[in-house]
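Visitor: Here is how the chains run, residue by residue.
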Amino acid sequence: MIRERTVQDPVTLIAGGVIVTAILLAWELSADASVTVRLLLSSPLRTLAYVVHHFTESGQAFAYTGLESLLGLVAATIFALLFGVVCIYYPRIGGISFPLLVASQVIPLVCLAPMIILVFGPGPSGKVFLSALIAFFPILTNVISGIRSVASASQEMMRIMAAPKAQVIRHVVIPHCAEHFFAGLRIAAPLSVIGAIVAEFNGADIGIGKDIFIAAKRLEPELMMSGIAAGAILSGLIYGAVLLLEKQLGPWYWER
Amino acid sequence: MKVDIESLAVSLGGRAVLHNLTLSIPKGSSTAIVGASGAGKTTLLRCVAGLLPPTSGRVLVDSREPACLYGQGAMAFLFQEACLWRHLTAQQTLELTFDLYGRKPGQEEVAGLLARVGLSGFGGYYPHQMSVGMKARLAIARAFCVSPSLLLMDEPFAALDPLRRLDLNRQVQTMRLEAGCTVMWVTHDVVEALQFATHIIALPHGSRPTQLIDLGNLPRIEDGANLPPEALAMRDRLLETIVGQHSPTERLSAEVLG
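If you read the protein sequences in the order shown, they are chains A and B. Just so it is clear: in the first sequence, position 123 is 123 by the working numbering, and no numbers are missing. When you read off a place in the second sequence, starting at 1, and then add 1000, the result is the number in the working numbering.
These are computed hints drawn from the structure, not numbers from a lab. This structure is a prediction, so every number in the text was calculated from the model and none was measured. All C-beta atoms, glycine included, are put in the ideal place defined by N, C-alpha and C. Honestly, I wouldn't trust all of these hints.
[As the list claims (entries may be wrong)] FRET-style restraints, in silico, Cβ to Cβ:
(1) A:Ala-151 / B:Ser-1024: 50 to 60 angstroms
(2) A:Ile-233 / B:Gly-1106: 52 to 62 angstroms
(3) B:Glu-1006 / A:Ala-151: 26 to 36 angstroms
[Unchecked claim] To be clear about the criterion: a stretch of chain B counts as covered by chain A if any three or more of its residues have a C-beta under 8 angstroms from a C-beta of chain A, and this derived list gives those stretches:
(4) 1078 to 1092
(5) 1110 to 1117
Same shape as in the complex, but just chain A (with noise of 0.2 angstroms):
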């Protein structure tokens, strides 16, 4: 109900517009008053007319990393979905697997992407394995904390009843995790695009992270901003993805 309110408050919704115009109309004129501005950070109407003029470039790394990302993510919430179904069959394999993968978190991922380019190729694989890599942790601490949280009493009806695991995954667990694992989600889909962006930086033939690495090199800074538009406006899509997705499961999930 809260997210419902923020999105649709009309204050909100004008107080965002007016910040947003403010900060793109101060970058404008600090751009048109100093060339370092100009070199350094480019300006929006000057982004704006790099993106119309190499639209097909643009968008080609635009639906190539948003295609990884989305790999990704989709990846890393079955993985997650998974795990979680095995440690509700199998609560001694979670409980072993469980603190190993915690562990495995204090490798920053982003350290791995070199070696990732390195197995997998320039290709797309190694991207969407990164992508999922990233996103797969969040998604599935949430669900595991879900599964945990679930009710001993409800499980206990269901045991009285005799109901088969598979009712019970339906009507008490999937019901009770929806809300951790789409908390979970919607962490995971932002960082997939980050995923994928990052590993494109270690090598790539085409994508976003490329052109923003190319940019940097080659001091482009009107590419720089647009691969940096391109990749906020790639990460908003996916959340909003999973924001309808959410939306779909019904007024027992966001009336309560």
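Following the hints, position chain B against chain A.
Guide: Frame of chain A, contents of chain B only:
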């Protein structure tokens, strides 16, 4: 269903909660389990349900292990929380319950069950749209979907105000008489127990033996606020058993609770 508790002992976390309990609960009775906090009321009920393995001794329901009744609809348990399926409406909840027991109910059967618990017209409501009382009613309807022979209740109406509790207790007793089932229920309220039980298990203070008290000779109590002399005497006897003779403070608090 007849419930036989034979030399039952349960230890939880190294503490003996129940020790050497032997009782026989008659078929068709309404047996209230009363006792002070931590006396083992819920533990006893969970052992009868087969949800908690005893440390020693055993519980037999119609000469069978309680777990043998699972999935047959012969046993129902009402927990403190209603434990409703949050993604299902009242009607869908009852349909799923029938389904889990391998039955396909007609629309009229589901509507009839909802009507019996006063939820006519609320079939399309989700749990989050219901009051605590309505949730409790739906939990009762779910318990009676398949006419259980043994109904176990662990203070399912504890969160309700006294009037609603009275109403729901009456509802359960009516359905018990109709279905001819045995009901065992946990309560803190001695007067409530006297009002609705045919038998009382008083879990005692200290190392006294647990008693199964038959209330058959007690006159019917319509108003819990005006107990007849026999009921008052019984209440005092129960309070003495539960909190002990030599503890006036505890006794006072138990009376306040009652």
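Visitor: Determine for every hint whether it applies to the structure shown.
Guide: Quick rundown of the hints versus the structure:
1. A:Ala-151 / B:Ser-1024: 50 to 60 angstroms: The hint (50 to 60 angstroms, Cβ to Cβ) is violated, given that A:Ala-151 and B:Ser-1024 are roughly 33 angstroms apart.
2. A:Ile-233 / B:Gly-1106: 52 to 62 angstroms: 54 angstroms, holds
3. B:Glu-1006 / A:Ala-151: 26 to 36 angstroms: This hint holds: roughly 31 angstroms between Cβ atoms.
4. 1078 to 1092: Since 8 is at least three, the answer is holds.
5. 1110 to 1117: The restraint on the region 1110 to 1117 of chain B is violated, since only 0 of its residues have a Cβ under 8 angstroms from chain A and three are required.
Of the hints listed earlier, those the structure fails to meet are numbers 1, 5, in rising order.
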